[in-house]
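Whenever a hint applies, use it, and build me the whole structure from the sequences.
Protein chains in written order, with numbering that gives the first Met the number 0: chain A, 0 to 505; chain B, 0 to 505; chain C, 0 to 167; chain D, 0 to 167.
No lab work stands behind these hints: they were computed from the structure.
Values in this document were obtained by computation on a predicted structure and should not be read as measured data.
You can take every hint at face value.
Straight-line C-alpha distance at most 25 Å; calculated DSS-like pairs for lysine-lysine:
1. C:Lys1 x B:Lys476
2. A:Lys61 x D:Lys156
3. A:Lys476 x D:Lys75
4. C:Lys84 x B:Lys476
5. A:Lys476 x D:Lys1
Derived, one-sided and incomplete: chain C residues facing chain B with beta-carbon distance under 10 Å:
6. Ile15
7. Glu62
8. Tyr70
9. Met131
10. Glu134
11. Arg136
Glycine is no exception: its CB is placed at the ideal position from the N, C-alpha and C atoms.
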Amino acid sequence: MSNKALLNKKFDKVLVANRGEIAMRIIRACNELGIQTVGVFSDVDRNAPHVRYANEAYHIGKPPALESYLNIEKLIEVAKRSGAEAVHPGYGFLAERAEFAHACYEAGLVFVGPSPRAIEVMGDKLAARKTVQEAGVPIVPGSEPGLNDDELIDAAKKIGYPLLVKASAGGGGKGMRPVAEQDNLADALSGARREAESAFGDGTIYLEKIIPECRHIEIQILADTHGNTIYLGERECSLQRRHQKVIEEAPSFVVDPEMRERMGQVAVAAARSVNYVNAGTIEFLVDKDKKFYFLEMNTRVQVEHPITELVTGLDIVQEQLRIARGRKLRYKQEDVEIRGWAIECRINAEDPYNDFLPSTGTITTIRLPTGPGVRVDTGVYPGYEVTAHYDPLISKLICYGETRGEAILRMRRALEEYRIMGVKTNIPFHQHMMDSHRFLSYQFDTKFVEDRFSMSEREAVDSLEAAILATLVAHRKDQQASQIVAPGERDTSNWKWLSRWERLQR
Amino acid sequence: MSNKALLNKKFDKVLVANRGEIAMRIIRACNELGIQTVGVFSDVDRNAPHVRYANEAYHIGKPPALESYLNIEKLIEVAKRSGAEAVHPGYGFLAERAEFAHACYEAGLVFVGPSPRAIEVMGDKLAARKTVQEAGVPIVPGSEPGLNDDELIDAAKKIGYPLLVKASAGGGGKGMRPVAEQDNLADALSGARREAESAFGDGTIYLEKIIPECRHIEIQILADTHGNTIYLGERECSLQRRHQKVIEEAPSFVVDPEMRERMGQVAVAAARSVNYVNAGTIEFLVDKDKKFYFLEMNTRVQVEHPITELVTGLDIVQEQLRIARGRKLRYKQEDVEIRGWAIECRINAEDPYNDFLPSTGTITTIRLPTGPGVRVDTGVYPGYEVTAHYDPLISKLICYGETRGEAILRMRRALEEYRIMGVKTNIPFHQHMMDSHRFLSYQFDTKFVEDRFSMSEREAVDSLEAAILATLVAHRKDQQASQIVAPGERDTSNWKWLSRWERLQR
Amino acid sequence: MKYISTVGNEEHIIEIDKEGQITVDDQIFAIDFQHLTDGGLLSLLIDNRSLEAIVEERDDHWEVLIHGELYAVDVKDERAYRLAKARGLSTEVTGEASISSPMPGLIVAVRVKEGQEIQKGDQVVILESMKMENELRSPRDGTVTHVYVSPGQSVEKNQILATIGDNR
Amino acid sequence: MKYISTVGNEEHIIEIDKEGQITVDDQIFAIDFQHLTDGGLLSLLIDNRSLEAIVEERDDHWEVLIHGELYAVDVKDERAYRLAKARGLSTEVTGEASISSPMPGLIVAVRVKEGQEIQKGDQVVILESMKMENELRSPRDGTVTHVYVSPGQSVEKNQILATIGDNR
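See below:
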């Protein structure tokens, strides 16, 4: 597909080809720009906020994503039927599928994102490494493309151990194997190849040096269709579990203005190397000596984009839509300025006390934290059933502070205010982290959560109170059952014991 | 009372001598600073959020404010009983009562605010005019203190008509009389004096020139106990009804950087003239030629403080607590920078289609708008009864945008998302205003809402949809009553007609 | 089932017979109507247009909240509607109209005298409540038949303050 | 009324007799306990300390949410508690423990064989669900008595995957 396969023109109706919090995020941005929205839903999402808040909504199939949110033909059909002129893919699902961007182009729909070719190149890790390297971007030391196992074993000698066997296609840690010494390499190669083959239908693998005690820091960029590309500073994303980010912050405490400028310029060069258009993110690994290496580029809006919005004052999703409409960027690099500190906690339906096992069930109660410096992006609702069909993200809790310390203290406050019942969430994990000395003192890398973080540090402070409250409620239930309480004698909607001051007023 | 009557020392527990959204605001700020909070409540506020979120809560009396939130002895007693070391008065109630600040001082409690003397001087309009004028602050042309009616009639000749007869004490428009020509002056004087006498027990009145087509613009200042005073820019507060602000924005489109600096310096001078400490606001009238005149100083946190927080990035209530703890300001004037635009809409329980009559009743449902750039400060809850005892403020809806236009568009989105049932609210008024060309094009002054704004501009867009929805619900009720729906045949928790796509799946 | 539903001065004839379908003023729409378990929220897809609303029953009408606006809707089935018409209970004001206090408060001023002729919208009473003075105005042209309150008097919610009758 | 309430391995004796008062482990507290009309929120003032919480009943215990933490509380009145003790249904695991699937998913790997001795916390099965691989671990030391699943097999929620018995 040629790089020409990119439409940009004014449009007034957008199909939001996604669900959950990001669908809501996009609908709100469209609403604020006076753009009509078309939502889509699978059987289980009929009552989801993104269906209720969109101007129009269409059913597209059964809960499994393959039969709904990944069904390209169906989505294009809905776009045409509803008269949508553009498509915003959000993140996940079809966001990084070149064929979807291409199908939109073929159907005369503006794809709110980069060209199919840019998606394709950056989606193939080996091609991406080659392309950005030619543009002068430092990459993690590793093997050349197209080597067979024997050649890879030779290459490993030059790269040195420990190293990582990686699949060129896909992501999410699939087809990845760490190798400590040469003896284990051969097995790792065949294993990884098999896994990649089955997961992505592409067994191409390569080697990457493992950088010890490294951080994951990424740069947000914006590129318009007029050749302007700017960077919006960095995000510190080292806190991960199984290659899933759990907490992100902006700015990063290891990045000073000079380093920010260098990383930013490298990120812009990487984007230019594929004539990148729209919002994108370049992920880097940063070693102990603050040397940084290109890891990969995400060719779509990032889950953690809000922290950049809070410190720069920009609205990234609105910018995506403006760029797709063919507008020039309103900001020059020198207009972009970082103020304050922002932290995002991903609130997932999982049990932090039990290996973070996903927790399915129906959400019965939600109370969101509000007030100064607190933003919640969410797509769930009371009555929402957490199923295995979709990712376990319940919401993104984002806090702003004048300093990192104040952002952390505000996050503690917001986590404490947050009420979700019906499923277990990782809120206690976030509370532990906000209290953790290593987190407060920046002493973490990409391995911290998995290897060196434990939930047991913090004892259950309110266990006695919990016992009392459960007992009071149980007692009430007994009373009502055994009719000790004469009906009507008490307002059942607000049953209670009379407290001292009330009795005084009798 | 001497200016020495001001304690400042470290404290770890604060009594929040208020209710509603501002009590919540203060509790959150304390929580974020690791300060314990003590809430107080009247009979009707037992279930209010500020009671549930405070670390401790004490009942202080009956619903009428005089028997609870205005009961100084009771509040001091609770402070001592709970071991609170400081008191935050919020706004309204006792916030600008010098005797309360003094009582706290006498009880060895830190009063989070200025000295009793500063409150006293600024609370007396004539004294305030005199004091700031001596400090070189321009004031609205008017009469000297201590004139009798005949002298006032003479003074009126020099001042010129139209003019305003004002009471020196109190506020809220009481004892205020506009006079167009000399013939009506005598009656106005006696009338105003009577009203002031009965309202404030002080019949002192004076004259002020009426400035035609003027705007109300105020400057937020912060002053620490070490002699540092800075200004945080201005707020445009011209949109008022009966001397009550309804919509505020920051910055003001009539204030350029040069004018901001001049107003700021004048505001700082006014504050210094009473050795002001803590957060305060200097209100100015600004005429067509952008000349500004001191109107009065509010010696407490302002309802509309959040818009300044959003454009400066500072947390004003946290600063209040730091200052009261005796800390030096962390910011110099040159560190304060205005970024973007913020608008606040005051959501009141009142009927915009019926002379804004207060609407009493019980709130049944609340859904707050969320997402990027939206902040809601609220103190009400489902089950909350709006009574005549307290002001009708339900919440403050605050939106941030990169530009004024974007802040307005976001406010429209947020107003549309906001759901409150049980009482009528002025949300439709705000929606009208956000659509009004005069508002969009800055063409308004302090008289705009009362004299030239009408609700009828905008037609009820969804009336047909409303008819359909009411009919669907009524029909359901009929069906259930007449048992047409066999029990169990449908999930009553989510009753519906099967739609096409569902039938297809059978 | 056929209903006549009134909003302001619009009347709509709404028929609900088939599943997933509704007829409004003889026009057919496909609908998917959902009650959420979440505090009275409703979601309606009507020909794929999406609407979220809250509907609550009041004494004599339905209150509907859509996009921030509150609508008062009167819903009658055919029979009830005919009866109402027959009884001449149409919407415009006739007979004596009474002005009652929308909330507890203090009477600050009474602007009319008994026997006085007034216009719709004229001030009748000034009521102070919630720290604000509120003007209560006449809902119709007519003559003041009774004034039940005087300045300084405090009143309860829904207490009748004055009545307006036809001009003689 | 006297209750024995258990959280984790803490036991508390709680007596509720008088209005506005509660006795916890022989200590008396003044309480003011309110159910809000608002979706299951509770407000407790205990000696003026303020707590907001949500309490929901589960099959065999109460779930209590306070300050972000979820507590599982077992509440028994004196009689029920004695009976339970008598029946030896105490809290620590004895007899056969079964490992069941917390959610629908695909078995990626089985880490144990029947008859194998394992420690509490050892991996038993890897289950893929929600795009993630999840390790299911043994709740106790013991011997694997049965393995009911094999890699590649998809399982339902609560389906039993393996059982662990006492060591021989």
